[in-house]
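> Sequence:
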Amino acid sequence: MQAEQRLQEVLAPLPLVLERSVAEQAGVDLTLDLREGDRRWTLVCEVRSNGQPRHIRGAAFQAREMAQRMSASGPTYPVVVAPFISAASGAICRELGVGYADLAGNCRLAFGTVYIEKSVAGNPFHVKREQRSLFAPKSARVLRIMLGAPSREWKVAELAERAGVSYGQVSKLRQALLEREWAAGRWGGVQLAQPRALLEAWSQAYAPLRTARNRYYTLLHGEELQQTLCEVFLAPGGQVLLASFSAARWLAPYARVAGEFFTTDSAGDVRLKAALKLEPTAKGENITIDLASDEGVFQDAMEPAPGLRCTGLIQTYLDLAAAGERGGEAAQHLFDERIAPMWKTEA
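Residue numbers (my numbering): 569 to 915.
No lab work stands behind these hints, which were simulated from the structure alone.
Glycine included, every Cβ here is placed at the ideal spot set by N, Cα and C.
Any given hint could turn out to be false.
[Stated by the list, open to error] In silico PhoX-like links for lysine-lysine, alpha-carbon gap of 25 Å or less:
(1) K723 x K740
(2) K723 x K912
(3) K723 x K706
(4) K740 x K706
(5) K841 x K851
[To be verified] Label pairs and their in silico Cβ distance ranges:
(6) R730 x S639: 23 to 31 Å
(7) Y735 x A689: 31 to 39 Å
(8) S739 x Q593: 35 to 43 Å
(9) A803 x S687: 49 to 57 Å
Using the sequences and the hints, build the whole thing.
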């Protein structure tokens with residue numbers, strides 16, 4: 569059994585003697601009887617194939633309960649073993665007084681005179697497809713809605729209708745959020761429990777929602793440029809939004825970055841290029857246009873000033889966070905100035 573082998577590897581450097589190991593007995597996945605001199609301990613282990621926080625919390629409670637039941641025969645110590653235990657799952661184990669070890673190299677065991685703690689970077693068992701699904705464009709539509717009102721309990725059907733995605737897609741996303749304990753919910757509903765943790769994880773995995781990024785030069789500037797942009801935003805046909813640093817300049821001014829940034833659909837791209845009389849350029853650009861790969865980016869557009877339209881707070885935060893060090897600083901400023909107060913007011 570991999571779990572037993574992993575625990576023996578962790579304990580091998582210590583002056584402990586493994587007297588007996590028993591798998592799957594009396595409702596326990598694995599027990600290890602250890603001796604240190606004249607002291608004896610029994611590790612009561614719950615083994616899980618999924619290391620997401622929700623599964624680990626259940627396993628930790630189970631291990632702790634079984635360890636208490638078996639303590640009449642001598643000192644016991646509850647342990648959880650999984651393929652990978654993240655920092656969030658490890659924190660749950662520490663909170664509940666339960667040890668843990670995973671197959672990736674993370675562990676924390678603290679009983680008697682034994683104290684072992686080790687952490688490794690990254691998850692070698694990480695499934696990229698699962699991560700892509702969690703923050704994929706259709707899921708992103710739902711997440712933007714939820715992060716706009718994190719204290720609200722949403723019905724799955726309501727989220728599906730508002731985001732323009734299927735009921736099944738929202739249900740799968742709901743389950744993924746519940747497993748990571750980023751959300752809680754009763755049957756048919758869901759409410760964010762850790763919106764900041766969700767937003768941080770999203771920003772780390774974020775891939776810009778664009779099919780192309782084009783750079784141009786325009787002779788328009790100052791009031792003439794702003795007036796022309798207002799006319800573009802008011803004109804029918806296609807979607808045009810200020811984005812990234814340009815959106816942040818109106819939402820929460822912080823970083824000074826030359827030029828203007830936009831997100832458009834194909835029709836809006838044509839209209840914007842005509843209105844600003846844009847010329848393609850390899851360098852010295854003052855206009856950057858991202859052609860959006862999903863129309864969901866336009867669903868939570870904002871009007872930061874009369875006549876102007878920009879990406880929503882969450883989308884702007886993600887785009888800034890992906891724009892290098894200065895963008896990261898601007899994203900944090902936007903969070904502090906606009907997102908955190910919104911969450912506090914909305915709560």
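> Give a verdict on every hint.
A quick look at each hint next to the structure:
1. In summary, the hint linking K723 to K740 is supported, as the alpha carbons are separated by about 13 Å, within the 25 Å threshold.
2. A threshold of 25 Å between alpha carbons decides the hint, and for K723 with K912 the separation of about 22 Å falls inside it, so the pair holds.
3. A distance of roughly 17 Å separates the Cα atoms of K723 and K706; the hinted pair therefore holds under the 25 Å criterion.
4. Note on K740 and K706: the hinted pairing holds, with a Cα-Cα distance of about 11 Å set against a maximum of 25 Å.
5. Restraint check for K841 and K851: the C-alpha separation of about 17 Å stays at or below 25 Å, so the hint holds.
6. Checked against the hint of 23 to 31 Å, the C-beta distance between R730 and S639 comes to roughly 51 Å, which is inconsistent with it.
7. Take Y735 and A689: their Cβ atoms lie about 38 Å apart, and the range 31 to 39 Å holds.
8. In this structure the supplied range 35 to 43 Å holds for S739 paired with Q593, their Cβ-Cβ distance being about 37 Å.
9. The beta-carbon spacing between A803 and S687, approximately 55 Å, falls within the hinted interval of 49 to 57 Å.
Against the hints set out earlier in the document, a violation occurs for number 6 only.
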